[in-house]
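Protein chains: 2
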Amino acid sequence: MAQKPSIPKGTRDFLPDEVAKRNYIFDTIKASFRKYGFEPIETPSFELTSTLLGKYGEEGDQLMFKIFPRGNKLRPLLNATETTIDIISKELNIDYNTNKISDKALDKLTNVFVNRMAEEVLRYDLTVPFARFVVQHQNDLSFPFKRYQIQPVWRADRPQKGRYREFYQCDADVVGSDSLIYEVDFILLFDEVLSNLGLKDFTIKINNRKILAGISEVLNASDKIIDITVSLDKIDKIGVVGVKNELTKSGFSDSFIKKLEPLFDLRGSTKRKLKVITEYLANSNIGLEGVKELLKVIKMVQNLGLKNAKLEFDVTLARGLNYYTGAIFEVKANGVKMGSICGGGRYDDLTGVFGMKDMSGVGISFGADRIYDVLNELNLFPKNVDASLDVLFINFGEKEQDACLKFIKDLRANNISSEIYPSPVKVQKQMKYANDRGVKYIALVGEQELEQGVIELKNMQSGEQQTMSLEEIITHLTH
Amino acid sequence: MAQKPSIPKGTRDFLPDEVAKRNYIFDTIKASFRKYGFEPIETPSFELTSTLLGKYGEEGDQLMFKIFPRGNKLRPLLNATETTIDIISKELNIDYNTNKISDKALDKLTNVFVNRMAEEVLRYDLTVPFARFVVQHQNDLSFPFKRYQIQPVWRADRPQKGRYREFYQCDADVVGSDSLIYEVDFILLFDEVLSNLGLKDFTIKINNRKILAGISEVLNASDKIIDITVSLDKIDKIGVVGVKNELTKSGFSDSFIKKLEPLFDLRGSTKRKLKVITEYLANSNIGLEGVKELLKVIKMVQNLGLKNAKLEFDVTLARGLNYYTGAIFEVKANGVKMGSICGGGRYDDLTGVFGMKDMSGVGISFGADRIYDVLNELNLFPKNVDASLDVLFINFGEKEQDACLKFIKDLRANNISSEIYPSPVKVQKQMKYANDRGVKYIALVGEQELEQGVIELKNMQSGEQQTMSLEEIITHLTH
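If you read the sequences in order, they're chains Z and U. Throughout, my numbering is defined as the position within the first sequence, counted from one, plus 1071. Throughout, my numbering is defined as the position within the second sequence, counted from one, plus 1071.
Bound-form chain Z, shown alone (with noise of 0.2 Å):
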């Protein structure tokens, strides 16, 4: 019985078109990381289990596709000196002769297998790979080290719209320097690129870890910081009443709600905000130091002048890794629904935990997949992205074909995409393929064409019909 063929739930095959149009928006992010001087790296698919477990929090040890090894890896685990049935009994404090096994228990056994069996995972983001790489590598890069990196990554997420268990991340850090030019060069980044593919309206946030630490120190509770920013959030929709009728139910007390207050006006203008927040942390050193760099960075931007993008500063943006300590960005194409296409931030120490200390760093991240489907929405692919064959000759039969075959030869050194089809069956079969395949010519050489040197070209699109020499269609088609 055959195989009725399917793929693993979570992942994707690409058709010519979808790889054609997915390779459009990586090559415009690849021109623009390449203009603003990073340069590419790769890593392995997989690394040392060591290297990746613990690093994203018990959620990411749980989505990280584990690899079995080769041969005899048991052994530490069914012991000589014990049965199976003691070292698993111990493992799970269960007592199996009862002969009952509860999912749990099976669970739990599963991970004790799994966790002593897996030498290897999938890579789950590009940036703790990206660490490694940099520890690894240090006596072979200059510092600072601006590096980009295209590549995908596995999760073993639930699958849902938008959500894959594969997936590429596009990439760009710089570790070595606090110099906050570089933060001002990745908003020009996501500017130039976005603006690139075609996006008028869409919006850079941007945020400082410092200046949320800085709420923090004034309200003294740096536990609390990521509720007060998911409730600031909501003030456009649900008003500054529905704000504080949402912190009392979270349990917030009505003195602490009052000192918060102030922030509820966080609103109007970047400067206004900036204003506002300036007073809020006047006690706050760190705070008002998250103030100055914001101010640095957006001056310097205004200065250099954005394409399309509109710059704001959002006070409530937190994003959620744990590992940004200074600016933090995400950006948001207007008018779509749909989550942030981009996002990335400054980061102290990602090295640290390699062994190499002091290396601040900061890095962005686009949403390959996101803005795919952005693109698609508001019809921003230009139309001569796509994969399809330029000429088709039609074939008409083995003396024909030898003539078709030496003009091939000519279009494909011009560089124009050309092939014949491979046997003389009907011409309206072979019309039929030419549009299926989405052919933008075709060309007849017929035996009349033959005898005069000439091919006749069929604009599929237009329809319209032209006898020409092959000097005329290569001029035709290369200008």
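Incorrect hints may appear among the rest.
When chains are identical, the list treats them as one kind, so a pair holds in a single copy or across two.
Below, a list of computed lysine-lysine pairs in the DSSO-like style, where the Cα atoms sit at most 27 Å apart [what the hints assert, rightly or not]:
1) 1378 - 1101
2) 1320 - 1529
3) 1367 - 1075
4) 1480 - 1330
5) 1346 - 1126
6) 1454 - 1101
7) 1381 - 1511
8) 1370 - 1428
9) 1511 - 1477
10) 1126 - 1080
11) 1497 - 1363
12) 1308 - 1329
13) 1470 - 1342
14) 1363 - 1342
15) 1497 - 1126
16) 1470 - 1367
17) 1367 - 1232
18) 1315 - 1367
No lab work stands behind these hints: they were computed from the structure.
Following the hints, complete the assembly by docking chain U onto the known chain Z.
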């Protein structure tokens, strides 16, 4: 304690210079694939175990990287109606109460776990996933379907020089036609791609599985054909007598070797070889069919001409993969110690296992890693293939920096990669950085240049230094 960072054995990190060189190879191959009418597809990095397992023989099954599933998958193994010890004992037929488990038993136990648990495996090659893709998407494709695919594959092979556990394959295939035009196109493709990469001296070896089948028929020994081709292959090295001795040692009878004798004369020009083989196969229909196909392909190629490749009929070329049924190819770079750098062939039924019968196809593969090594050895990578920065501005302080950032913006707008050193440290340190990074030019904008609105540009290779306006620099660097 910080971890000493490393990567799994058999995998590689690629530094910027290596990525640039690899991309040069991939881009060259892609450009020709496109011109020849092949369209790109991509498939997931892992497939369902049922899709790949059993498709590459026993060795392939063992070398496949298997992925741990999430959650409770031990249930089928640790059945609730039996104790763990019972079921494991039964699987292995071993008495665990003796407290002894041999390594062999452990291996077996590991296999039991792995085969019951793994639902997904990493891609082992691009061919089987392509077959799965064609069957799964057959309603969205037009046949003959021509695709190319450049993606990594994974094999848990013992790593050694030139053999990695993760490496890229660059494949082009066409399915849905038995026209020999495609064989011709693939030979032209080998010639074009390798010539474009700068190779001058390489040989495309061609044979046909039908010729090998014909020889088997003549000798009435279909199971011995590989032994025979392996021996014949040594004629140039050990001579006819040596080959005869070897065959005798391998247990072939004198009368069998006598029947084989005409093949010892398969030397000299392709024309001469074809004459000898035609006579030898006079009574084998399938053999003569193979010769006829071969002859037709060679004639068409001669008619169109090759740039640099030598095309050579080699009856000892067999290629291991048992799905080939017609033409087979292999390409060797002459004057370099290196196995074949490309290969391919025709197969009559690749998609049958997934339920789609009678789809003849033919495909080739470029060995990117080996081509990389050959280009390195022959020093054929073009000078401009690198990822290094065009212009680094030296940082003299805040005022100069602001001016430089504006210059940089204009340079980038003209596709010149540029940046400024992030802080005004000693010029010597900045120059060392420029040097280490392999920057092409440095730009100096001090107080004096700032006043005059000019830039001092230094060519880091020649040492030449010139005072220029921004416009002059743009002209200088883009022409």
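Please name the hints from earlier in the document that this structure breaks, with their numbers sorted from lowest to highest. The structure breaks hints 2, 3, 4, 5, 7, 8, 15, 17 and 18; every other hint is satisfied.
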